[in-house]
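Peer 1: For reference, the chains in residue letters:
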Amino acid sequence: NAGVMQNPRHLVRRRGQEARLRCSPMKGHSHVYWYRQLPEEGLKFMVYLQKENIIDESGMPKERFSAEFPKEGPSILRIQQVVRGDSAAYFCASSPFRQGPSNTEAFFGQGTRLTVV
Amino acid sequence: DAKTTQPTSMDCAEGRAANLPCNHSTISGNEYVYWYRQIHSQGPQYIIHGLKNNETNEMASLIITEDRKSSTLILPHATLRDTAVYYCIVFTSGSRLTFGEGTQLTVNP
Chain H
1 NAGVMQNPRH LVRRRGQEAR LRCSPMKGHS HVYWYRQLPE EGLKFMVYLQ
51 KENIIDESGM PKERFSAEFP KEGPSILRIQ QVVRGDSAAY FCASSPFRQG
101 PSNTEAFFGQ GTRLTVV
Chain V
1001 DAKTTQPTSM DCAEGRAANL PCNHSTISGN EYVYWYRQIH SQGPQYIIHG
1051 LKNNETNEMA SLIITEDRKS STLILPHATL RDTAVYYCIV FTSGSRLTFG
1101 EGTQLTVNP
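Quick mapping for you: the protein sequence lines, in order, are chains H and V. For what it's worth, my numbering labels the leading residue of the first sequence as 1, then goes sequentially. For what it's worth, my numbering labels the leading residue of the second sequence as 1001, then goes sequentially.
Pulled out of the complex, with its shape left as it was, chain H reads as follows (with noise of 0.2 Å):
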């Protein structure tokens, strides 16, 4: 079983221009997380997609960011007119969701580090 992929690994883009980072979940996992980590700071949360549906955006920008997680495919994270301050590494985390008395992790890829010059 595949893990978590992320691709590209590295994307550069100049200012102005789009990004798209596509994560592909674990076989069987229909929930994706999103995550964003700048330099020498934590990962925050952007947003949770189960497939078609987002469920919470609250850590996404309000502006030029937006997420999906079509029914076939991979997720996609999607930067429109980056700017410099765009530059970071982000992850995606994919789960299957169980609740009960297991509960159950989340489990991240490689990442995409953006470079916008």
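Honestly, the hints are just simulated from the structure, not real lab data. Please read these numbers as outputs of a predicted model, since none were measured by experiment. From the three backbone atoms N, C-alpha and C, an ideal C-beta is built for every residue, glycine too. Hints are not guaranteed to be accurate.
DSS-like, lysine-lysine: derived pairs with alpha carbons at most 27 Å apart [unchecked claim]:
| # | chain 1 | residue 1 | chain 2 | residue 2 |
| --- | --- | --- | --- | --- |
| 1 | H | K27 | H | K51 |
| 2 | V | K1003 | H | K44 |
| 3 | V | K1069 | H | K62 |
| 4 | H | K27 | H | K44 |
| 5 | V | K1069 | V | K1052 |
| 6 | H | K62 | V | K1003 |
| 7 | V | K1003 | V | K1069 |
| 8 | H | K44 | H | K62 |
| 9 | H | K71 | H | K51 |
Rough simulated footprint, nothing fancy, chain H against chain V, three-plus residues with beta-carbon under 8 Å [unchecked claim]:
| # | stretch |
| --- | --- |
| 10 | 1012 to 1024 |
| 11 | 1042 to 1053 |
Reference excerpt, derived from the structure (chain V facing chain H, CB under 10 Å, subset only) [as the list claims (entries may be wrong)]:
| # | residue |
| --- | --- |
| 12 | Y1034 |
| 13 | Y1036 |
| 14 | Q1038 |
| 15 | V1085 |
| 16 | Y1087 |
| 17 | F1091 |
| 18 | P1109 |
With chain H held as given, fit chain V onto it using these hints.
Peer 2: Relative to chain H, chain V alone:
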């Protein structure tokens, strides 16, 4: 989400047990205690989680106090490769997984 409080940094000698504390005094009844670590900007790695009882796996042990207001992660024989930022999180399925600042554990030779 319940807040957690962890020391900013800790040191441990190689081969010794590393005991990482976490306070989560506002944890609710259905929230689990999770521990993750992040090694040098890699993706966070799941370590262990528990609800009420102590838990042990191949990586670590988790000791949760009876009132569930605090817990301790124990790495029984720390190695240099255990140097990382360790995050204590309270979480339940269906909610977001929120990271705090974590504890920078440095294992010294």
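Peer 1: Okay, which hints does this one fail, numbers in order?
Peer 2: Hints 3, 10, 18 are the ones this structure does not satisfy, whereas the remaining hints hold.
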